[in-house]
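Engineer: Given only the sequences and the hints, what does the whole structure look like? Please build it.
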Amino acid sequence: MTERSEIDPLDAALDELFGAPGSGEQNVAPVDVTHPDSRVFVWDLESGPQTKSRTARYYTPLPAPRESDPASVEVGNLGKEKAQEKIEAKRQEHEEVLARFESDEINHWETFQDQCALNPATGRVLTSQYLFVDKDDAIYVHEAGWKQDDANERAVLEAFWERVDHVRRSSGRIIGYNISDWDFPFACQRSAYHGLTLPKGLMWRNRYLADFWIDLYAIWKRGRHQKFTEACGFKLKEVCTFLGLKNKSMDGGTFWKKYKNAKTRAEALEYAAGDVVIEAQLARRLGVIE
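Under this note's numbering, the first residue of the sequence shown carries the number 34, and numbering increases by one thereafter.
If you are wondering where the hints come from, they were derived from the structure by calculation, not from laboratory data. Glycine included, C-beta positions come from ideal geometry on N, C-alpha and C. Hints are all accurate, no fakes.
Computed Cβ-Cβ distance ranges for the label pairs, DEER-style:
hint: 1; residue 1: K296; residue 2: E138; range: 24 to 32 angstroms
hint: 2; residue 1: Q148; residue 2: T297; range: 17 to 25 angstroms
hint: 3; residue 1: R298; residue 2: L319; range: 30 to 38 angstroms
Structural biologist: Below, the structure written as structure tokens:
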């Protein structure tokens, strides 16, 4: 078994992009780090919910608890003292329901927001990140920003499709994890919203991705549709744990919450960059790239 390097490749790549821990500085990437001529790159997309004004019409609030009515408490043939005890118990129970309702409503809204982030009608692209394999693994995170601006999201998508068209015309490869079921459809659907014309030759028979798309998820499954075990399934985190690779530091639901907060945005961007590094490590382990 090959021994791991003392310097983790993921940590080294992120230090190069964001500065070494404790340096207090973030490296300013030169303009050519975007590498529009790259023929082989790892790609990943992060999304978040649209503004409340756009998603509220899809939201179904929790039904509010009914008002407490002492007259509705069935006391039967209980004596006056026992009847009062039952009415008081029901009143206290109702107070507890009201106290929980506010937090339940907050949790219900946050769950809805997480679902919105995954739906092209209520979600949006926040970042599109790349690791350019043929450019010494240079990393680039293209941001649309948290403040919803259709022009920014459109620009991120336009730049992505330009890269895709270059890869298609130059017989290159685009590598990702579960891109056929998530990243690619979401990018297409949000592009349709913006009225963008997609490059030709993206799919075969409008059902299968063209050969220049390499989905590590499909390669890992090897045609299997049932999980092996809970410990070794199909999620990227499970696969990386099984193979002993550097793992994800958060998930997509956590990403957008940190990205919207200026104080934790750098952490979110580090996660986005780390995702493509992790996928590149997996691609190398599976023999997709050298």
